[in-house]
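Got two chains here, each in a separate frame; can you build the complex from them with the hints?
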Amino acid sequence: KNITTFNQHQIIMGIAAKAYLILYNVIQCIGWGYILVNTIKHHNTKTDKTLWDTVGSMVSIFQYAAILEVVHSLIGLVKTPFMTTAVQVASRILLVLICNYVPTTHNAKTVYIMLFSWALTEVIRYSFYAFGQIGYVPYPIGYLRYSLFLVLYPAGVFGEMGTIVSSLPYVKEHDLFGISLPNKWNFSFSSYYFLLAVLPTYVFGLPWLYTYMIAQRKRFLSGAKSTPSVKKTQ
Amino acid sequence: MKVQVNSRRGNKISDFEVSESTSVQEFKKLYARKFPKTYVERQRFTYGPAPGMPLVDGKSLSDYNIKDGDVLVFKDLGAQIGYAAVYVIEYAGPLFLYPMFYFLRNQIYEKASSHPIQFTQQIALACWTFHYAKRILETLFVHKFSHGTMPVFPNLFKNCGYYWSAAVGISYFVNHPLFTSPPIERVYLGLALFIIGELGNLTTHLMLSNLRSPGTKERKIPRGFLFNYVSCPNYFLEFVAWVGFSIMTQTAASIMFTIAGAGQMWMWAVGKHRRYRKEFDGKEGRQQYPKSRKVMFPFLA
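Heads up: the protein sequence lines correspond to chains A and B, in order.
Quick note on the numbering used here: the first sequence kicks off at 17 and runs consecutively.
Quick note on the numbering used here: the second sequence kicks off at 496 and runs consecutively.
Extracted from the complex, chain B is given alone in its bound form (with noise of 0.2 Å):
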């Protein structure tokens, strides 16, 4: 049968000869034939009046209930960057940018030779390194991404001017000579907190991974641990690790990027909670999402 594609304005594009069968992979793939420079990564289709389903991969256009001579809207969604990569390229800045201000203190600052380290800063720096190392290592080693790719523009220089001048601007502060560090109880305090929302973070990540089978993009209810009092543990971990490292270094700038983080997250954590409670509804022999749970603060919200 054939497929026309149109433009979001409504002028043709291209036809395509597909038939039923044909999956929105396939599809795909012969739209990047004949137009190389959008690569599949790039194309997104939606069938219909307008918003359109969008056409998703795993389906076929029969799915769809797309007919000889329907039309589909293309968009580009402009140049893509792996998931993996982005998150690797931004954590990459944290992880060099601010053990630079820890190492090279006597080049940066003028007063370091007649200040020594203090141990607050050590643990500081161990924090931190540690924080932006287990990133790392669970984007490569641990994470099941639900989508491929994130445009370039902005994301990948949002992302990475966010988490690097923030590296920048916490560091340069932690590891200045005129550092005053909180008592040592509540440097200890930090401490405990950041580790308990480090391993808590680390946990809630396998058990997200496990959940997955391998290959699939399945999403099924999360059970177990935190996850019976919220919808995302993982961002709730994060918060207490630092508010942990805000307590641990009493700090400004990392007390306003706590808050920012908290707030983006929170925003994430909303979305996810809907998405949850949507899908898993107890209509049609799907499971019900349990009620009680809360977004991203037990018992709270």
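If we strip away everything but chain A, and leave its shape as in the complex, we get (with noise of 0.2 Å):
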């Protein structure tokens, strides 16, 4: 049998997990669009106030809501990778992190780069999946999620290995989150050697995302009937 039918619970389960994708990534996209607004606005006046001041909670606390996209893909309630979505809120939660507890990095030119980057990118994307829980995509918003990765892709990976790099000293220095042995449990942490086994894992990631999203981005332009669930972009 090809036909599914639904009894009336499944229908009132399915309004309301659309409701809640809706109003989940709305949220996102609002604290996006203040994070971006500011950090351009903090970039273009002089202030005593570092970037990370302004904007980093707001960042903190909209980057790691995200744990709950990877929740979503564990449930089932959207279709995308559970491993993808995983993997891309994890870097972006260890840049949190990172600018979070290294203070050095609180004015850098690299976070400006990196902020402007996720910002842009998340409000599209957000704005992208509500319209998609509705149904209608305006072209414009497709549009620009499917063109502006070529673009942003390599300034957001600039700006996050430029912040590991620049945060490097001071992680050296600190022991940040160091563990050392002898222990219970025999385990042992650096995050200084830790970040340095990070670094080029972007020199594979990048081109991987990248070409992944241009054929996305050929899907769209020709005027694919659907574009697959798509990989979170950067």
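Just so you know, these hints were derived from the structure itself, not from any lab.
Accuracy of the hints is not assured; some may be wrong.
Here are the simulated DSS-like cross-link-like pairs (lysine-lysine), alpha carbons at most 27 Å apart as the crow flies [what the hints assert, rightly or not]: (1) A:Lys95 / B:Lys653; (2) B:Lys606 / A:Lys200; (3) B:Lys606 / A:Lys188; (4) A:Lys234 / B:Lys507.
Have a look at the derived ranges for each label pair, beta carbon to beta carbon [unchecked claim]: (5) A:Leu39 / B:Gln602: 55 to 63 Å; (6) B:Gln759 / A:Leu237: 35 to 43 Å; (7) B:Ser502 / A:Pro156: 29 to 37 Å; (8) A:Tyr80 / B:Gln759: 49 to 57 Å; (9) A:His122 / B:Ala580: 47 to 55 Å.
Everything numeric in this text was worked out from a predicted model, so none of it was measured.
The C-beta atom is built at its ideal place from N, Cα and C for all residues, glycine as well.
Structure, rendered in structure tokens:
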């Protein structure tokens, strides 16, 4: 039997899920919009407050909130693959942690570039998803989603890698989150070496994601009826 | 009769002159003769409306009611590597990388000279080495694989990456001069669990191997031993062995490895359990898969 029938309970759950996702995506969109505006404003204004002082808490809140997206994919609320979402969110949270714990990053140029790339990408991505839930995505939104990445991906990677690199001296000196031997669980951790190990992954990650998005862009531009559940953009 | 082969995008690739009695294997050989780069193991054909019925080795074209003028869809599975080859390569890593930290400790660790090797570390070395030597021997002499090959990309690299980095990650900490051993009672408890798991796992593998007549790819319902309780007692016993190793070494890296392995095996076990239930549904003369059997954890799940 190819026809699936839904009972009343399933229909109500379906509508509730949709309403929740619209709400989630709209709130994220607004949050990142605020971050975008204030990042630009801070760049153009003379002030004693650092960039991170100004937008840091907002970035932390909205980026940590993205853990929900991992849950969504885990429970099947959205079609995005779990692994992709998990890696994406994890890498963002890593950078939020760095910015929060390494004061030397608070006014770094690389952080401006990083936050600008993140915020602009997210504003468009979340509106794309919100519109997707109501079934109609205005062409400009779709166009921006599948075009801006051409610049924002490399910019974001540059910003992220640069922020990591600039944090290294401080991280090394303060042995941030360091765990040393001996201990009961025979475990040790060095943020410094961990970050060094993370850096090369960008070298692999960017071309792979970039070429994936280019393929997605081609499909979108050629007027494909359905762009498949898309992996998260950077 | 003539059969047409299309790509997945719908473009025609070529026509082939065959008969109804042509076997799938023969058809694949014909295709390989025309397009040598896509050797038999890389070929996948489906027939019918999307997603289409896959053409399985051992059957013939008539089994699918393929008639003159019908279209088959071709998919290139990419470069292939033998299953056994993958296993040997991925297990060779742990087999050589783990002992490296034990035997070359003076070169690798700063404090090696002031901290003599501990008994627990020696037991762990023996267990680890036994585990992977057993795996390689089973691959060569015990297992009967359903599939001949798997794709090289990304499987070979993903698998080796996982096993090799786990080996390095665990070995580094267990063989470290500053290793803290749990109390000896726990070491022996862990060792006992490990031995039970390994012997049980080996027994299960031998039973599975004997289930299948040589040269066939038949599937039968396994019975006896822990099969009475779960569909995949081999995975359960492997889990038991690694719980034993983790208790023995009380090392975070080992615990993480045990959890990761259990998670992956659980996913495989669920698939296997479903396939067993679907195939042995008790209808049309087929056997009924025992309903009380759990997936991987006896009495639990």
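Hints, one by one, checked against the model:
no., hint, in the structure
1, A:Lys95 / B:Lys653, "23 Å, holds"
2, B:Lys606 / A:Lys200, "18 Å, holds"
3, B:Lys606 / A:Lys188, "21 Å, holds"
4, A:Lys234 / B:Lys507, "23 Å, holds"
5, A:Leu39 / B:Gln602: 55 to 63 Å, "58 Å, holds"
6, B:Gln759 / A:Leu237: 35 to 43 Å, "38 Å, holds"
7, B:Ser502 / A:Pro156: 29 to 37 Å, "34 Å, holds"
8, A:Tyr80 / B:Gln759: 49 to 57 Å, "28 Å, violated"
9, A:His122 / B:Ala580: 47 to 55 Å, "52 Å, holds"
Checked against the numbered hints given earlier, this structure breaks only hint 8.
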